Amino acid sequence: MSYLRLRRLWKPSPLKRRYEVVIIGGGIHGLATAYYLARHHGIRDVAVLESQYIGFGGSGRNTAIVRANQRTVENVRLYEEGLKLWRVLTDELDYNLMFFNCGVLGLGHSEASVSAFRMLCNTHNFLGVKSELLDPQQCAEMIPGLDISDRLAFPVQAGLYHPPGGVVRHDAVVWGLAKGASAHGVHIHQGCEVQGIDTEGGRVTGVRTTLGPIGCKRLGIMAGGYGGAVAAMLGMELPIHPLTIQAMVTHPLKPFLHHVFSSGAYHVYANQTLKGEIATGAHMDPQVNYTNDATAYYLKHQAEALTELIPALRGVRFMRIWAGLADMTPDMAPIMEGNLGYDGLFLDAGWGYFGFKSGPVAGKYMAEYMATDERPAMLRAFQLKRFLENRYSGETAAAMKYGHWD
Amino acid sequence: MTFRLTCPVCGKRDVYEFTFGGQERGPRPGQEGLSAEDHFRWTQYRLIPYAPGEEWWYHAQGCGLWFKTTRDPATNREVEE
Ligand SMILES: Cc1cc2nc3c(=O)[nH]c(=O)nc-3n(C[C@H](O)[C@H](O)[C@H](O)COP(=O)(O)OP(=O)(O)OC[C@H]3O[C@@H](n4cnc5c(N)ncnc54)[C@H](O)[C@@H]3O)c2cc1C
Chain A
40 MSYLRLRRLW
50 KPSPLKRRYE
60 VVIIGGGIHG
70 LATAYYLARH
80 HGIRDVAVLE
90 SQYIGFGGSG
100 RNTAIVRANQ
110 RTVENVRLYE
120 EGLKLWRVLT
130 DELDYNLMFF
140 NCGVLGLGHS
150 EASVSAFRML
160 CNTHNFLGVK
170 SELLDPQQCA
180 EMIPGLDISD
190 RLAFPVQAGL
200 YHPPGGVVRH
210 DAVVWGLAKG
220 ASAHGVHIHQ
230 GCEVQGIDTE
240 GGRVTGVRTT
250 LGPIGCKRLG
260 IMAGGYGGAV
270 AAMLGMELPI
280 HPLTIQAMVT
290 HPLKPFLHHV
300 FSSGAYHVYA
310 NQTLKGEIAT
320 GAHMDPQVNY
330 TNDATAYYLK
340 HQAEALTELI
350 PALRGVRFMR
360 IWAGLADMTP
370 DMAPIMEGNL
380 GYDGLFLDAG
390 WGYFGFKSGP
400 VAGKYMAEYM
410 ATDERPAMLR
420 AFQLKRFLEN
430 RYSGETAAAM
440 KYGHWD
Chain B
8 MTFRLTCPVC
18 GKRDVYEFTF
28 GGQERGPRPG
38 QEGLSAEDHF
48 RWTQYRLIPY
58 APGEEWWYHA
68 QGCGLWFKTT
78 RDPATNREVE
88 E
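Taken in order, these protein sequences are the chains called A and B. Using my numbering, you'd call the opening residue of the first sequence number 40 and step up by one each time. Using my numbering, you'd call the opening residue of the second sequence number 8 and step up by one each time.
Some hints here could point you the wrong way.
[Stated by the list, open to error] A few chain B residues facing chain A, derived, Cβ under 10 Å: (1) CYS17; (2) PRO56; (3) GLU61; (4) GLU87.
[Said to hold, decoys possible] Derived BS3-like pairs (lysine-lysine); straight-line CA-CA distance at most 30 Å: (5) LYS19/B to LYS339/A; (6) LYS19/B to LYS256/A; (7) LYS440/A to LYS75/B.
Worth flagging that the hints you see were computed from the coordinates, not collected in a lab. Computed from a prediction, not measured in an experiment: that's the story for all the values here. All residues carry an ideal CB built from backbone N, CA and C; glycine is no exception.
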């Protein structure tokens, strides 16, 4: 019965006092960067430092939806490559990432959203990414039980269906990447919190951690929603607001929901997991914070929104609720930077609630950036300085507002 | 878990009664001689460490007062002074 024997996916490594590259954060962005540094660039002297356990952050808490139906060319291209990587990585890591290519349906409830869907659909098709416009009847055929009648305060007016999307098992991605990185010689240190960053003469020289100082030539801040707090250790201000975002699952039901669906107007998105639960996510809490606080307030809101759209779900019970962080930028696009203020300092942050689908592809390009010191063309649109040059990404029509400012 | 904030008029109330108004950052920089870059920095850049800071809140579903209180983003809770 040797196939039942448990084997460690990655091996514990001794903590060295110096590495060529140190990465702060054991989420998929940090792990993917480490993996590609070792695999594509031969840089194996890499440590991933994780204050809790790998996958503690957004990587183990997200609703695992993957898609490429963004608004701007730069973002569509990035996420499209991201989508293609799931199959490649499943093979490469020899680990089942459970990519379920079920397609993603967005629901529009206003004239404005119908015209936005038209624009999105044409953008996607122009770039060779599949998307199609559906009428309410077609939406109801895809989502059994969806109420497309006039009973709703905001009846369904159209759908934007994006066949290449779906869900991927998020824990598997964390574990698979840890396995792959470790196999290529990367050290993963859990329970190692970075508390300070050392610099000398305009260069990053290392970090101070709960396990002592660790020197490095290059440092990647890939701490997900905590990125702003890590940058604050250097007194660095960022256009990032960390907000808590909640998610929850119902008890398992017979399979009936075969696609991911979302509704901006009702602030709800949902899919049925392979176990049968309806996994659904919600609003963000408005105040900046670094906790994983979940609240009954959103449980109630979510129940109302879900049963409004699919009345047959009334009486179904939520089993679990949890929360994680979304690091929001003003234009809903990420920040990927190198030699930021200090030589050797790299930053990958501001992914908001888009950081799961982009994890591996961001890691691939951040690794290239860290290995070569040259900004990959793919990352040109994601520079920090765009916010100071009034060149927002165009993912949103207007700059987002998190808390009041003027 | 949800938590409560202290409104100077209504006392401790559920946080969902309030609207977050952002960090207290002193007066807005004057328009005179303000560079575009400084303006963008003021509107969008923030320093949000694991430490208590003063913030603005609006008691939207209560008495309608704008007030300041001290809260720690690391714990999400108000800090008693
Ligand atoms: C409820 C929810 C739903 C979401 N749904 C989706 C979705 O459907 N699709 C999608 O694409 N994205 C989604 N996201 C967003 C996505 O989960 C994140 O953007 C993504 O996981 C970020 O990955 P990361 O590796 O950058 O960060 P994380 O996974 O957050 O990892 C960062 C790690 O850094 C560690 N860390 C922090 N500070 C330090 C320190 N000082 N020293 C050492 N380690 C430190 C943390 O413990 C953490 O493990 C969702 C997020 C949430 C919370």
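Item to check | Structure versus earlier hints - violations, ascending order | outcome: Numbers 1, 3, 4, 6 - these are the hints that the structure violates, sorted from lowest upward.
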